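Protein sequences appear in the order of chains A and B.
Residue numbers 1 to 517, in the working numbering, belong to the letters of the first sequence in order.
Residue numbers 1 to 158, in the working numbering, belong to the letters of the second sequence in order.
If you're looking for bench data, these hints aren't it; they were derived computationally from the structure.
Here the structure is a predicted model, which means the values were calculated and not measured.
Heads up, a few of these hints could be off.
[Stated by the list, open to error] Listed next, the in silico DSS-like pairs over lysine-lysine satisfying Cα-Cα at most 30 Å (straight line):
| no. | chain 1 | residue 1 | chain 2 | residue 2 |
| --- | --- | --- | --- | --- |
| 1 | A | Lys347 | A | Lys506 |
| 2 | A | Lys283 | B | Lys155 |
| 3 | A | Lys101 | B | Lys155 |
[To be verified] A partial selection of chain A residues facing chain B, derived with a Cβ cut-off under 8 Å:
| no. | residue |
| --- | --- |
| 4 | Phe89 |
| 5 | Glu281 |
| 6 | Gly282 |
| 7 | Ala343 |
Backbone N, C-alpha and C define an ideal beta-carbon position, used for all residues, glycine too.
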Amino acid sequence: MSFTIYVPCDSSAISLGADRIATSIINEAKKRNIAIQLIRNGSRGLFWLEPLVEVDTPEGRIAYGPIQLNDVTGLFDANFIQGGAHPLFLGLIEELDYLKKQQRLTFARTGKTDPVNLDDYIKHDGFKGLKNALNQSQADIVKEVTDSGLRGRGGAAFPTGIKWNTVLNTPSEQKYIICNADEGDSGTFSDRMVMEGDPFVLIEGMTIAGLAVGATQGYIYLRVEYPHAHKALNTAIEKAYQADYLGNNIQGSGKVFNLEVRLGAGAYICGEETSLMESLEGKRGLVRFKPPLPAISGLFGKPTVVNNVISLASVPIILDKGGDYYRDFGMGRSRGTLPLQLAGNIKHAGLVELAFGMTLRELLYDFGGGSATGRPIKAVQVGGPLGAYLPESQFDTPLDYEAFATNWTVLGHGGVVAFDDTANMAELARYNMEFCAIESCGKCTPCRIGSTRGYEVIDSIIAGQDIGKNIPLLRDLCNTLLNGSLCALGGMTPYPVLSALNHFPKDFGIDDNADVA
Amino acid sequence: MTESNLIQTTVQNIATALKNKPGALLPILHAVQDTFGYVPEESVPTIAKTLNLSRAEVHGVISFYHYFRDNKPGKQTIHLCRAESCQAMGGKNLETHVKAHLGIDFHETTPDGKFSLEPVYCLGNCACSPAIQIGTEIYGRVSADTFDAIINETKELA
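Extracted from the complex, chain B is given alone in its bound form (with noise of 0.2 Å):
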């Protein structure tokens, strides 16, 4: 099987079995998206004929929520925060350095696919500022050198 078809079949697994939901488009995204890290650009006609909806509907949807991307992530995606409570702790210094160690600006993957950098809007761990969130894990009071500590160990698990 191709990879494109690969995702086909389970996308439609997907669609299928979300699609008596009432308002069944995000959460069927939430779990493609899940499931291969991005939203393929293959599952869009899937997911449209499944819920009766046109093809630029569901990319309309998928382009509008910044959460939802359309390419591959690398293999850990960093949230950094750009939001007032981080400002006001160091948080722009943070992210000239996260930038300049990763050589990479928002929205772009560094050349060895291990990390994606996206700017978030709060992580709600405004009394712990500044915050970033590495997959799932998120850190606090995070300094230049506590950001070269996580990501060193990170790189090991890797």
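So that you can see chain A by itself, here it is in the shape it has in the complex (with noise of 0.2 Å):
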């Protein structure tokens, strides 16, 4: 008899040792005369539990985390591979309330399958959705995204089916679709997690895309700090192509379409659509005016689909049950569910799918469990380095696009990320200002000197000079930045650094909140 163990893949796992300890279950495994099976899953997102080890039980799949190397040989003798009782013992995995309380739609496969190996992904509900969207209509492909609601998960929330629509209605010999994997926002892994986790469901999401608007060649814009994800990605692709899921026959009907992974150079600016394109051709990232929209003239002129490695994910499942499925989650005008990340000073960061609606505070909680420090939570960027601080009297926000909004808040991509009360804003503002000085394109002028102009500023407010005269100096800097910037990085970067001064007074020096104003 063999026995089935997992020890995730995922990148944050093998940074805590999962490489280490898969080499060494198998080692002792070895030593015992045991015979097992070691597959390599995606990671639960479960991270403070991580490296987690799961084994096959009659029972279901149980957990035992974080593991040590020094603890592989005590599992062993504690028998885990049956389940066996021992401190880091978990229970059931399915039944640990982070996972159970979360609606999995995105991620339902990621951290249960073999990223790789297709078979155990066609096991896994893969591959439904094509199998549909190849027995319908480019008109009812769209529309059925369309009426899921689904909306950018890149940060803009546009509605994705509405963007398909533009493309499918502009004519052209040759169209493209790009997936935006420049994930770059700090306190952001959700795509990662998915092309190290489960690289096919991309694939599969991006190949509807391709059938929906016309498009026969696509490529995933992938960050290069993401070496893990590289490999996933291009072990899939191969597969998918010796499976006809990619090609020039896509299961037998004729249809084409090719994929290629593309590698990014370190640059932010490029998970901006233009900027990105710019660099697929081969240039500078230099952020393009706008119109003409990326649909009608986008990669190479041609009418192009950018979304977020999310956004296609998510199409499997829609084409697979249904756009009234998907749409049946979430509120307002946000449907569906997001995949939140829940990082920095939390005692349970990890990955959060939810349908949106519920509030910050519930998930920095109920899910995070506070700080990971056990000191009080002082704010909580969310959205990435262009989002928006929150403090504690916001926590009650739901999570929802138009909520967020009128906080002068976004959601972003849905990364989270916490500070306790030993954090500086006006340094954290300081070093928003000098982000965007360092990633800044150069094309417009108020992004690349009022970046630098920003963190000259906060440099004098922190040190004490004029604040009387530097603070309406800041703003007004902030306010050129806002409305003078050609795209989002120097567009944005005003809300980190606006809503630190605003909640946040006394770290840059003021005390009476009147002066703020």
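Combine the two chains into a complex, taking the hints into account.
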């Protein structure tokens, strides 16, 4: 009899020693003459428990974690391969509250399967969406996605179906699908988890997009900081070609879709879609003027769908179960689920996929368990380096695009970074300006020059110089960035900067709130 | 063959093999950097000629992207994350420690040529902050002590 053991191949798990643990388990089993099958699965996203090892039992998969290298012998002594008692025993993985309370649609498979095993993918409902799409007209596929209410998960939240419809209705000999996998926002890792943990779902989503709009070539623009995702994607793409899920005759339908991964080179701005296309064309990643929209004139001047990883990875389930099924999750105009990423100073950091509508406070405390340091949470940055800092008074905001917008905050790509009360918000604001200066493409003046002037002014404020003059100057500068920048980098850097200033004036040396306005 | 000739021949082979890809410049630069650890200055005219671009255009692309470097790195490059999530978990203290331990600042290489230090803005390991990358290996929840242990181990392997 052979026992099945799962050790994640997710790069966060590896960063905590998962590779060594996998090797050690194999060696220990050999030593004890126990036949095992070790599967490298994706991560469940419960990162405070990583490296998290699972074993198959008749009752279901039982988890142990967090495992250190010197725990392995003890685990074998405790007969963990059959779910034996051990201090690191966590019980049935699916019964853990953190997972049980989630609504995993996009992440339905991640953590369960061997990411690059095609049979495993198909066994777990893979390619059902594509099969349906192959029997539908282009307009019907687009309608299904429009009906689902899916909005771009990259940050801008533009309705995916409307974008697809524009590309479908723009005649051209060549059209493209681009997956924006340049996940550069601090505090976000859901794209990475999908690409490492369930790469076939992205391939399936992109193929459906290609069928829907009549595009035969897709590119995944992947950030170079994700070497494990790169490997997983390339392996999965190769297997998809071998099994005719990609290529010139998809599943015998005569339909064509080819897919290639292209690596970025460490430029945050290339997550902006027009800059990304410049980069794919082999140029400096300078932001383009819009219009023309990429849907009309995009990559190499052709109609192009540019979608985020999570948007595209949500398409297969929509085509499998129908737009209505997906739309029934969520609130208001935010339909479906959002994979939130809890990070920074938080006790239970991880991936939480939920229907829109839960409050930030529930996420931080019910899921996150408060700060990692045990100190009060002072501020939370939602939506990456261009997202506002929320103070405690805004923690009851529901996680919904429109609710966040009324607070002058953004949900963005769903990254949530918590800071405890040792954080200095003036220094963080300075960092946000410095980041903008480092990453600015340089095309527009407000962003290129304003960001440098921005951190210089904040330096003066931190040094206590002329605060009465420098605060209005900083506000004026932020106003210029907000209104005069070509894209969201310059246009949104004021979100974190001004929210820090407005909610935490003391950190800027202002005692009286009245001075702030 | 001189080193400069060798570089030019290798770069020419890479550029010829990839030049027909749409938007070939980034794939070529990646292949060159994967081979040499950096993009040597001598490769610019070769790439430019193969792609029918000006040398200024190729240079402009190399200098635009943080990842491409025009000078030889140390044996191992350490990427240290400076982004918000790592800051929230003591990333700044780690940065101070790493710089002091190695005796270098960002974008520098240790005198023995073993380590280069580069900042990075997010490794996507934000649930395990602070994070660093050495070569292709990623490390999470890095403290000053674990950093020292990792570096000592890496030195032994080198």
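Here is what the structure says about each hint:
1. A:Lys347 x A:Lys506: 27 Å, holds
2. A:Lys283 x B:Lys155: Distance ~38 Å between Lys283 (chain A) and Lys155 (chain B) Cα, so the pair is violated.
3. A:Lys101 x B:Lys155: 45 Å, violated
4. Phe89: 22 Å, violated
5. Glu281: Hint holds; Glu281 (chain A) Cβ to chain B Cβ min 4 Å, cut 8 Å.
6. Gly282: 3 Å, holds
7. Ala343: Constraint on Ala343 (chain A) satisfied, holds at 4 Å.
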